[in-house]
Structures are given as structure tokens and as C-alpha cells.
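Mapped onto my numbering, the consecutive letters of the sequence shown carry residue numbers 6 to 450.
No lab work stands behind these hints: they were computed from the structure.
Not one of these hints is a red herring.
Per label pair, the in silico range of CB-to-CB distance:
id	residue 1	residue 2	range
1	Gln-97	Arg-34	25 to 35 Å
2	Asp-166	Leu-423	29 to 39 Å
3	Asp-166	Gly-427	36 to 46 Å
4	Val-132	Gly-225	26 to 36 Å
5	Arg-417	Ala-140	35 to 45 Å
6	Asp-150	Gln-273	26 to 36 Å
Even for Gly, the Cβ is constructed at its ideal location relative to N, Cα and C.
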Amino acid sequence: MTVTEEVVHSVGTSTTRVEAFDKVTGTARYAGEHPLNELAHGVVVMSTIGRGRIVSVDSDHILAMPGVLEVLHHGNAPRLQDAGDATLLLLQADTVPHHGAVVALVVASTLEQARAGAEALVVRYDVESHDVGFAIDHPKMYVPDHVNPAFDTETVVGDVDAEIVSADIVVDATYTTPTQQNNAMEPHATTATWHGDELTVYDSNQGAASVKGSLVTLFGLDQSQVHVLSEHVGGGFGSKGTARAPVVLASMAARVTGRPVRVTLTRQQMFSLVGYRTPTIQQVRLAADLDGRITAIDHLAYSQTSRVLEFAEQTAVISRMMYAADALRSRHRLVALDVPTPRWMRAPGEAPGSFGLESAVDELAEACGIDPVELRIRNEPTTEPESGLRFSSRNLVACLREGAQRFGWHDRDPRPGLRPDGRWLLGTGVAAATYPARTAPSTAS
6 MTVTEEVVHS
16 VGTSTTRVEA
26 FDKVTGTARY
36 AGEHPLNELA
46 HGVVVMSTIG
56 RGRIVSVDSD
66 HILAMPGVLE
76 VLHHGNAPRL
86 QDAGDATLLL
96 LQADTVPHHG
106 AVVALVVAST
116 LEQARAGAEA
126 LVVRYDVESH
136 DVGFAIDHPK
146 MYVPDHVNPA
156 FDTETVVGDV
166 DAEIVSADIV
176 VDATYTTPTQ
186 QNNAMEPHAT
196 TATWHGDELT
206 VYDSNQGAAS
216 VKGSLVTLFG
226 LDQSQVHVLS
236 EHVGGGFGSK
246 GTARAPVVLA
256 SMAARVTGRP
266 VRVTLTRQQM
276 FSLVGYRTPT
286 IQQVRLAADL
296 DGRITAIDHL
306 AYSQTSRVLE
316 FAEQTAVISR
326 MMYAADALRS
336 RHRLVALDVP
346 TPRWMRAPGE
356 APGSFGLESA
366 VDELAEACGI
376 DPVELRIRNE
386 PTTEPESGLR
396 FSSRNLVACL
406 REGAQRFGWH
416 DRDPRPGLRP
426 DGRWLLGTGV
436 AAATYPARTA
446 PSTAS
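Please model the entire structure based on the sequences and the hints provided.
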């Protein structure tokens, strides 16, 4: 007998997803859809001030409302242990760090009853002055110890300032990117239930092991006592990479009430409680000779974080690896404000950083009178610019040439600012990007 193994190629092959039938027929259950007996619902109450302290939570009349089981707040919530993420220490103190912070959770037998209780709850505050002004000249701008996930804050190769002073052509530009919010199709949600001292959560997340680790520490449990199930996730973009407010609040409420509890954030609440991409201000200086060869790259990125937990976006890191240069400097600055903590959002660092660097490279091409595709090809590094190590793979030049050929790049009008469209001037440009290919051992069997 002869056995011939079929060669299967994933790329370019039409395959049926194992969960496709369940999803298109509506039988797939997401975190906020698991039916459990005596299921209760929790609705988050968020602060309405920018900074201050809670003076009182008037919960007595809420507890008298139909179906309301509990009103959790800093005065009665279970105590949590520090899991290394201060944003998870919810309802532990009377401080209000920013507008939209969690100040209470109303738990009731139905979602409608919980929502009615949350809307009627009166929280009184001692209001303090707050600061949300993100600017380069903020007096409390500082140099973080490192940037996400563990990159050096600053790196320098060669003498950047000397190269810029002696260069034939210099581009010195400032670019800004706005705050961008994670808004997955499925909002963040958790259904939690306790069986004795064992906690089971149905949670919408992108890292069940990470969420489990946080819950183990927060509630002082053993690994064997926590079960995190995340069968389907309706989008996350990084905002569901680690534990967020719903999994902590649902677990707390389920322990207090003795019933399964579901907490699903509203779309509005996601703007404050699940992380976002920080706004950035980027100062980029490029120096080049008359042939378009880049002699210096200087990328200084400013971003914001919260006073609760530091998160430093690695905006300028991309400039360390994209193009060859005799001198290279990348730096980051950070200011802590009375705002929610920024977090991962699809391509953290690389996305805003690419915009700053690539915009400047296009401006350099215009200043040199060189096609922006050709200028990038001329500055393709043969080794990683900072370390001098060989790339495991790099095909940017081939991609640029293929794209130019397919898109009819050479047939365009290269002159900028010639096509008005209302308030805008339309033009054509080039942008390249890179993103790390992270690998880790698999434990699947």
C-alpha cells in the first residue's frame, strides 16, 4: 500500500473556520451571553468630576428599589490585593483620579433594574482642581524609565547634532496624532460565578492566562481556584489583552451576592475604562546629502499617561530600525495627567510613530527632488541600524518596487498641493512600516 500525504498550504487556500457555523447562526456564546441560574446584573457608576474625593454614596434608597441586591462602593467592597496594575484596584479608596472612574456598582436581578439604580444613585464629591492639558511645555514632562513593553527610553548612535549642522538638506517638522479609542464590536463583558472558593469567569479577553493571573492575586486565590473561559471574542485590538474593570467588578459582586453576576460596559464607558491610544506630539528632524542619503534621524516623541499607572507609548522606537543613517537619536517624554490610563491599541507605538517618521521622509524626498520610493530604497539598511545585527527577514525594497509597479506610481503628478478639495489639498505619498513578529513556546496539545 502506498500512502501519499496531501500537502496543505494555508495561504491562498479556502478553509472553513471551526466556529463559523456557530457565529453565523447566532449560537456562539460570547462573555455576556452565558445563561446561568439566578443571574444578576451589575451596572457601573462612573465619576462625573475630573479629580477629587468621594464624600458620600447615598445607597440606602437605591437598595429599596425593586430588584436591587447590592450597591458596591469604596466603603463596602471586598478588599483586593495589589496585582501590579493599579487600574484594577477598583472601589478600594475614596479618591477619584479622573472623569469616568469607577465609583460604584449597582447589582440587581435584571439589567433594567440595575440600570435604574445606577441612574438614580447620588454620589457627592469634594472636587479638586484637575489637569488634562497635554502640551510639550508642560512643567511636569519627564523622561520615563522605559517605554512599552521594555524598550530603552532613549538611544543614540553617532553625533546627530553635528550631522544636522553640516547637512546639505534638513527637514525639521512637528506632527501630532489624536487620542484614538478602542471600540470593538463586542464591548468588554464578564459573567462571573463562585462555587465555594472557586471562581469561574466567562470573560471577553485576548489573554486568558494573564487575566487568570490577575484574579489569582487580586482575590488571594490559588491557580487551581480560578477558571477563565474566553471561547469567542468580538474584537479587542489590544484593549482586551489583560484584565479590565468588568472581570474584577463581576467577580467582586458575585462573591458578595452569592449569585452569578454579569457586567457589560456600555459604549460610553469604554471611552474611560479599557485603555486608548495616547495622543502624541512628534518632533522629527532628518538630514541628508544632495543625493538623498540620510545622514541623521532625530525623533522626539511626547505622550501622556495617567496618575494611576504609567504607560509610555514606544512612539519613536520605529525610527531605530527603518532607515540607514550615520547618526540616529530617538527619545521619549511623558506627562502624567488626570486622565484614564492609555494602553495597547492595535500596533501601539508603531502606528503613530510610523506616521511621524514617514511623513518626514516624504517631506525630505520633496526637499531633495527625489522620488519618495527611490529615496527609501537608497536608504535601505543592510543591517539593523542600532545593533548592526543581520535582519532575520526584510523585504521592504521588493515591496516598494512591487507597489510602485502595481499602483501606477510613476504615472502620477508628483507635484504637491495642486488638487484642492474644499479646505484640503490632496497629494500622493509613500509610507512604510514595520511591526515586531513576537513568538513564544506553545503549550497546546
